[in-house]
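Please model the entire structure based on the sequences and the hints provided.
There are 2 protein chains.
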Amino acid sequence: MTIKLYCFGESGNAYKAALALELSGLAWEPVYVDFFNGEARSEAYLNTVNEMGEVPVMVDGDLKLTQSGVIQQYVADKSGKFGGRNDQERYEILRWVLWDNHKLSSQNGITRFLLNFIPEDKRPTEAIAFLQGRLQAAYKVLEGHLEGRDWIVGDAITNADISCCGYLFYPEPYGFDRKAWPNIDRWLANIEATPGWKHPYDLMPGHPSDRGL
Amino acid sequence: MTIKLYCFGESGNAYKAALALELSGLAWEPVYVDFFNGEARSEAYLNTVNEMGEVPVMVDGDLKLTQSGVIQQYVADKSGKFGGRNDQERYEILRWVLWDNHKLSSQNGITRFLLNFIPEDKRPTEAIAFLQGRLQAAYKVLEGHLEGRDWIVGDAITNADISCCGYLFYPEPYGFDRKAWPNIDRWLANIEATPGWKHPYDLMPGHPSDRGL
Chain S
1 MTIKLYCFGE SGNAYKAALA LELSGLAWEP VYVDFFNGEA RSEAYLNTVN EMGEVPVMVD
61 GDLKLTQSGV IQQYVADKSG KFGGRNDQER YEILRWVLWD NHKLSSQNGI TRFLLNFIPE
121 DKRPTEAIAF LQGRLQAAYK VLEGHLEGRD WIVGDAITNA DISCCGYLFY PEPYGFDRKA
181 WPNIDRWLAN IEATPGWKHP YDLMPGHPSD RGL
Chain V
1 MTIKLYCFGE SGNAYKAALA LELSGLAWEP VYVDFFNGEA RSEAYLNTVN EMGEVPVMVD
61 GDLKLTQSGV IQQYVADKSG KFGGRNDQER YEILRWVLWD NHKLSSQNGI TRFLLNFIPE
121 DKRPTEAIAF LQGRLQAAYK VLEGHLEGRD WIVGDAITNA DISCCGYLFY PEPYGFDRKA
181 WPNIDRWLAN IEATPGWKHP YDLMPGHPSD RGL
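As given, the protein sequences belong to chains S and V, one line each in that order. Note that the UniProt record's numbering gives residue 198 to position 198 of the first sequence, counting from 1, and the numbers run on in steps of one. Note that the UniProt record's numbering gives residue 32 to position 32 of the second sequence, counting from 1, and the numbers run on in steps of one.
What the hints contain is simulated information worked out from the structure, not anything from laboratory work. You can trust all of the hints, since none of them are fake.
Okay, the calculated beta carbon distance ranges per label pair: (1) S:D121 with V:T2: 51 to 59 Å; (2) S:S209 with V:D87: 35 to 43 Å; (3) V:S42 with S:A180: 23 to 31 Å.
Below, computed lysine-lysine pairings styled on DSS-like, alpha-carbon distance capped at 27 Å: (4) V:K122 with S:K140; (5) V:K140 with S:K122; (6) V:K64 with S:K81; (7) V:K179 with V:K140; (8) V:K64 with S:K140; (9) S:K64 with V:K81; (10) V:K140 with S:K64; (11) V:K78 with V:K64; (12) S:K179 with S:K198; (13) V:K78 with S:K78.
Heads up, the beta-carbon is just placed ideally off N, CA and C, and yes, glycines get one too.
Here is the structure:
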């Protein structure tokens, strides 16, 4: 049975799930969600796919899971990859997945959206500046942690890396300058060099150019 | 060995860890962090307690864990409580813990902070309004999920409830009106009625009145 993943290319949260599936070697296929025309907020989607109105959603036979971190955990449980080798690593991976959801991807996602995917005259400039300030603090934490480390936890790629990199490969400008953070830049290159790695726009259907952007 | 929890009363994220510890029956004691005088951002704290500059931090013998959701998971693993009865419940609990960290507590925490704990003339009013708009969408998701349910997952209190309620008992105004959301109100009353439940200001040291607020 091929795993299905509801997703779209612009979503870094969906990318975390798609990248975990792809790198694990599990058989999966994308189901495109037309987010920018409101599909994820439609009554049909809310009632039958995800009450949270979000991607990603994974369906494996009778099992449906939502939230990128949950799908990543399922991939680890099913494939034996990316989940850590012992309890200490498992807690440490969960720590960085939660931190990412709380402090990094959550604010990267909305900031990139506001700066690139809504009309310029509707951008809440003060809110964007506020979010960018919070993000600088988050990048600083990640940069410090990666000093002397190739990976966030242990000595190989785990779900901690796959979570934290969710929005960091996208080309749209939103205030993240990879070259300004040498440890983050080196760590992202390690992820890019992982066999089977793909850029979000090569891994999932949907691209800003579809909407003339 | 008594578990130590670095925390302070105003932190809803610390409350999630403290409440899980308290309701589990594990022996624990708080270690007060003087957040409002910068302790969590001090070099000493960053270097020896938590590089993320945050509470809560839990120490149990040689083991140190940070992030409320990780500590909650540890309490579940150690006590056998709040972690779900099977894989399906475990994934569903993690789903709501992640959603809470991404969409609910993260934005409740910063919004309450900006509206109550910094000088009125320094408040970023547009950013606050933006965050409050996002929070209304989050309350709506939770309100809908709790329709016909006493608890977020299954038929008893779990870490999903203990996570999502993190900021919802605080008295400081920040745009959450409990009575406007009848299902959330009923669910919070279920939590309050749980044997051993305590309000955050009764469970952890530190209160706004310490700072003359």
